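Protein sequence lines correspond, in order, to chains A and B.
Under the numbering used here, residues 164 to 492 are what the first sequence spells out, in order.
Under the numbering used here, residues 32 to 363 are what the second sequence spells out, in order.
Check before you lean on any hint, since a few could be wrong.
Stated by the list, open to error - Below 27 Å or equal to it, Euclidean Cα-Cα: the simulated DSS-like pairs (lysine-lysine) are:
no. : chain 1 : residue 1 : chain 2 : residue 2
1   : B       : Lys355    : B       : Lys239
2   : A       : Lys488    : A       : Lys432
3   : A       : Lys434    : B       : Lys150
4   : A       : Lys198    : A       : Lys491
5   : A       : Lys432    : B       : Lys239
6   : B       : Lys355    : A       : Lys378
Hints were generated in silico from the structure; no laboratory data involved.
No experiment lies behind these values; they were computed from the predicted model shown.
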Amino acid sequence: MKNFILKVKTSDKNIVTLFFIAVFIFAIMGILSPKSFLSVTNLQGMCIQFPEFGILSFGMMLAMISGGIDLSLVGIANLSGIVGTVVMLKMDGGIESIPFGILAALLTGLLCGIFNGALIGYLKIPPMLVTLCGLQLFTGLGLAITKGPALTGLPQEFGYIANGTVLGIPIAVLLFAIIAVIISYLLKSTVYGQHLSFKGTNEVASRYSGINNLKVTIITYGISGILGAVSGILMASHYNSAKSDYGTSFTLLSLLIVVLGGTNPDGGKGKVLGVTLSIIVLQLVSSAFNILRVNSFVKTFVWGLILIFIMIFTSFMDSKNMERKAKKQ
Amino acid sequence: MKKRLKNNLSTNEMIVVYIIFGLSMLIGIVNPVFFGTATLISLSRSMLVTLIFAICEMIVIISGGIDVSFPAISCISLYATIKFLLFTGLDSPILAFAMAGLIGMAFGALNAFLIVRFKIAPLIATLGVSSVVNGATLAFLGTDEISNIPDNIDQLSKAFIYTYTSPDGITYQLTALILIPIAVCIAAYVILKFTMLGRGIYAIGGDKNAARIAGFNVTKIQFIIYMTSGFFAGIGGITYMILMRQASPQVLMGSEMMVIAAVVVGGTRITGGHGTVIGTILGVSLITLVQNNLIMLGVPTHFQTFVVGMIIVIGTSITSIRAKKIANSAKV
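Required output: the full structure, derived from the provided sequences and hints.
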């Protein structure tokens with residue numbers, strides 16, 4: 164027990180706070196509308212929704228740990244979804260075309276990511292600008308392929324990826340869990356993960372200690388691109404169609420999630436657990452709003468407020484810590 | 032002498048001029064109608080509002096920040112103003128501009144407060160404000176489009192300073208609202224070039240600490256920058272409303288990308304410290320030219336986003352390659 168208390172005390176404050184917020188929302192909603200909030204349908208509905216932007220958030224997190232940002236993720240997701248769909252449609256939309264479609268989508272995501280990474284790492288254009296351009300470019304490419312309307316006529320079986328379940332657990336959630344574990348492994352137990360956080364903390368120092376910054380950047384944005392593509396596949400599967408402007412609100416949302424999850428916007432720090440918890444918190448808030456029948460525009464409003472307050476809170480805590488350190492000395 | 036000429040011919044501004052020139056020739060060859068006063072008038076009409084935004088965005092970027100909240104601020108300013116005017120029955124263009132400007136300025140102050148006081152990264156702070164403002168506009172002010180704009184204000188859309196009648200009898204009129212961006216450009220040029228405030232803006236963009244040590248009041252200058260940006264976001268919003276003769280709460284959302292692109296293509300460095308008014312005007316012209324005239328080149332509309340994105344990527348790449356070259360070149 165003592166051990167446990169010590170563990171809680173030494174663990175990340177941010178993660179503990181998030182955990183309590185999640186429990187708090189659960190409790191409040193459980194009291195306010197126990198029937199609809201705690202129903203299996205609602206829980207399953209939540210599980211289908213969050214992997215789409217959750218996986219995007221991991222991409223954003225990686226980019227942010229490297230000291231950059233990836234605003235093009237939604238563009239990558241839609242473009243990959245569209246390319247995958249086109250490949251499947253070209254192959255007459257049978258069940259055997261699904262693996263090829265998925266492969267094409269992942270490849271598209273990887274290429275888009277590498278494109279971002281190359282511009283950022285090699286030409287030294289600021290990440291924010293590159294990915295903002297990337298968003299425009301990839302969305303534009305998607306629009307050029309679809310010519311505007313959504314692409315439909317996907318194979319029936321493709322829908323199972325987002326909507327199907329295994330042993331009662333939605334496949335999307337399983338996918339999300341697998342990705343979370345992989346990213347966590349990458350960050351904690353690989354050389355790449357160490358290099359990534361070194362680079363994010365101090366780019367010049369990491370170059371002088373022999374880390375190939377260009378390689379790390381390209382790998383980071385490449386992975387981010389693949390994650391974008393996975394999310395794109397989920398979206399295409401969820402709506403059973405592909406379009407160039409699905410999920411436009413996800414850019415802000417994933418940024419919010421990542422910052423809320425305790426990732427340092429200046430780079431260097433970030434935890435999968437924190438981001439996962441913040442994804443869950445936001446999904447709970449979103450579902451709560453839906454059940455209480457709050458206008459969806461209020462949601463945008465509240466998300467912005469949460470982002471600003473979290474940032475103010477972090478900055479406040481930082482300055483307090485600094486004061487404490489100064490006093491100790 | 033020769034070297035100076037060579038330097039002048041290869042500045043960022045000149046590169047944009049070359050691109051504009053080349054593109055115009057291309058469009059002109061495909062479609063000779065392009066060369067004419069009519070094109071000039073329609074071009075200046077479409078770049079009017081963008082130019083107001085771009086000049087403010089440029090000043091923010093020079094100071095080392097970024098502002099992605101101005102479309103949202105612009106929308107709330109114009110929408111709240113028009114709702115207020117319709118509700119009270121007041122009908123005065125000056126009141127409309129003043130009110131929109133003040134609302135914008137208040138949100139600009141909020142941006143500055145978050146960025147200066149809490150040291151939040153400008154992108155994240157303005158993204159958050161953008162979301163809050165946009166959500167508030169739609170949730171609390173309503174979503175319907177308003178087209179019954181009060182008469183006196185509506186009159187402004189019919190004020191022209193120049194009328195041109197083409198040989199085939201179609202008249203093209205240059206709206207008097209073009210005077211607003213012209214005034215903004217001149218003011219920005221004078222402030223950036225000849226005043227201490229302007230020097231301070233460049234200094235902050237170069238190195239904030241150095242600027243502080245050199246004696247600039249960094250907090251004050253940053254407040255001025257973001258509040259000015261907010262103010263002109265409001266003014267731009269009302270201008271857009273008068274131009275389109277319609278008020279909609281979401282019409283300008285998404286234009287931030289285009290404006291930042293125009294600023295960057297015009298040679299302003301996104302990392303701060305560099306940028307000129309003339310470059311920005313050229314950047315806006317180029318982007319507007321592309322947007323308006325791709326159709327004339329036979330490029331279908333659904334390719335437009337892609338082509339504009341491509342141009343931005345190429346534009347920023349050229350700027351970066353040049354910056355890299357300068358950084359790598361031998362220092363004297």
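Structure-based check of each hint:
no., hint, in the structure
1, Lys355/B with Lys239/B, "holds, 22 Å"
2, Lys488/A with Lys432/A, "holds, 20 Å"
3, Lys434/A with Lys150/B, "holds, 22 Å"
4, Lys198/A with Lys491/A, "violated, 53 Å"
5, Lys432/A with Lys239/B, "holds, 24 Å"
6, Lys355/B with Lys378/A, "holds, 19 Å"
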